[in-house]
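Asker: Chain residues, written in single-letter form:
Protein chains: 2
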Amino acid sequence: MKKLQLQGIKPIETMSQVDRIEINLYEYFRNENFIPGDSIPKEVELAEAMGVSRTAMREALTRFKTLGIIESKKNRGMSITRPDFFQNMNRVLNPRLLTKETMQDFFELRLVIEMGIVDLLFIRKTNNDLKKLEDIIEKEEAAKSKSDKLKLDIEFHSTLYQISGNYTIERFQKILMPIFDYMNHDLHIRSQEENEDYISHRVLLKILENGKAEEFRINMHKHLIQYFEQIK
Amino acid sequence: MKKLQLQGIKPIETMSQVDRIEINLYEYFRNENFIPGDSIPKEVELAEAMGVSRTAMREALTRFKTLGIIESKKNRGMSITRPDFFQNMNRVLNPRLLTKETMQDFFELRLVIEMGIVDLLFIRKTNNDLKKLEDIIEKEEAAKSKSDKLKLDIEFHSTLYQISGNYTIERFQKILMPIFDYMNHDLHIRSQEENEDYISHRVLLKILENGKAEEFRINMHKHLIQYFEQIK
DNA sequence: CAAATACATATGTACTACATATATAGATAT
DNA sequence: ATATCTATATATGTAGTACATATGTATTTG
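Note that the protein sequences, when read in sequence, are chains A and B. Quick note: the first sequence, position 151, residue 150 per numbering that gives the first Met the number 0, numbers continuous. Quick note: the second sequence, position 155, residue 154 per numbering that gives the first Met the number 0, numbers continuous.
Just so you know, the hints here were simulated from the structure itself, not pulled from any lab data. Any given hint could be a false lead.
Which copy is meant is left open, because identical chains are indistinguishable; a pair holds if it fits in one copy or across any two.
Claimed, not checked - In silico PhoX-like cross-links for lysine-lysine, where the CA-CA straight-line distance does not exceed 25 Å:
(1) Lys-231 with Lys-124
(2) Lys-150 with Lys-41
(3) Lys-99 with Lys-124
(4) Lys-131 with Lys-205
(5) Lys-173 with Lys-130
(6) Lys-231 with Lys-131
(7) Lys-221 with Lys-124
(8) Lys-64 with Lys-99
(9) Lys-131 with Lys-143
(10) Lys-221 with Lys-211
(11) Lys-211 with Lys-231
(12) Lys-231 with Lys-130
(13) Lys-124 with Lys-73
(14) Lys-173 with Lys-124
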């Protein structure tokens with residue numbers, strides 16, 4: 000029988016005992032309808048109930064701890080926790096470990112999100128938000144050094160993520176930042192000056208204040224045109 | 000001294016030995032400039048070099064294995080691997096473990112991505128893709144039962160993700176699917192029939208064939224209006 | 001009755017022994 | 001000489017025991 004390889008699926012025969020323990024535990028957690036905060040049986044009980052050594056059980060438990068599904072305290076035992084998706088992503092996000100394709104994917108994802116959050120911006124924007132953007136733009140226009148300008152550019156876009164009011168997206172962006180940083184070294188982006196109909200942050204802000212979402216999207220696309228041109 | 004709580008940062012004094020081993024190892028991996036495929040020293044060597052027991056070292060190594068940063072084979076030792084971000088996400092993605100807020104965030108993220116990928120669609124669409132969408136729409140129009148319609152609706156949108164040519168986004172969507180499924184039970188979405196200017200999949204396809212990205216975005220927004228109306 | 005102390009308990013760390021899979025070298029047969 | 005089979009060495013996987021450490025609970029003490 001040929002072995003078809005699928006994402007994230009191991010053939011049974013190559014599963015170690017700990018793999019099976021992990022699956023058993025996961026089933027157990029689900030069946031018991033545990034919710035975050037609930038405490039679970041202690042290590043020795045779990046090990047005995049499953050007929051394995053404490054060592055192996057601990058290894059399976061370590062996996063869950065690593066994923067943030069359970070946490071443990073001395074003498075207090077272990078309890079279910081609310082996992083943080085992006086925490087793990089963060090631990091793993093070393094650009095050196097990424098393929099070029101995945102980096103390109105993330106790069107595109109950024110553009111996708113920036114184009115996509117426009118509707119959220121118009122639903123959630125407040126006067127305070129607009130003021131904040133105004134401040135950034137003023138600093139940006141006054142900035143002399145290239146690094147200062149870059150910093151404020153990033154701050155402008157980060158603020159847009161904030162205004163979207165979506166904490167998950169905001170964190171996602173923060174985590175992906177190092178990748179964009181890393182990629183910028185490779186990209187040969189033509190400078191804004193070479194671009195005839197360049198859309199400035201100020202124009203975007205004006206539209207966000209008085210315009211409509213559709214208009215904003217069109218201009219955001221123009222604003223990001225240098226990046227879109229890289230995509231084939 | 001007050002203890003300020005920050006995302007993903009533990010106070011030093013509460014760090015266990017294994018926590019410190021993990022940090023040490025991570026530094027080591029980075030400094031040695033390991034890339035996927037490189038093999039790393041064996042357990043006992045690492046343990047001795049760091050002056051800890053094999054047990055504790057193994058626990059730290061288990062964490063890396065869980066995150067997909069290293070893998071191990073009997074007698075072959077351990078080697079650096081290319082981690083798969085979404086694999087871990089998948090393991091953790093139990094709607095029961097999500098807060099309402101995070102679910103809402105993901106729900107919005109879906110809308111953001113569907114609005115945002117439009118430009119990628121127009122860059123990457125092929126005749127084959129258009130044909131595939133046509134097929135789905137025909138089946139959809141012929142479908143009688145509600146569940147069949149729903150299935151084909153999902154298939155249409157999934158195909159858009161495929162057409163975007165961004166594998167990472169495609170996987171992301173697949174992983175988030177169960178959440179949307181789960182949420183749909185809670186949402187009171189008014190049916191398409193109640194909607195006067197409802198934009199059908201056929202209209203979207205027409206625009207994708209002959210229209211422009213801007214036009215498509217406007218209509219995609221109308222197509223998703225029932226969902227946008229849920230957002231405050 | 002409050003504070004200090006002793007004790008019990010569950011996880012954390014260490015050490016040892018052995019199981020298991022696999023690469024390598026060596027022996028055997030064709 | 002080549003292929004196949006066998007033995008052995010090796011690194012990870014599993015088991016078991018002992019003790020360390022932190023923390024909750026009960027007890028003693030002022």
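Asker: So which of the earlier hints does this model not fit?
Answerer: 2 and 13
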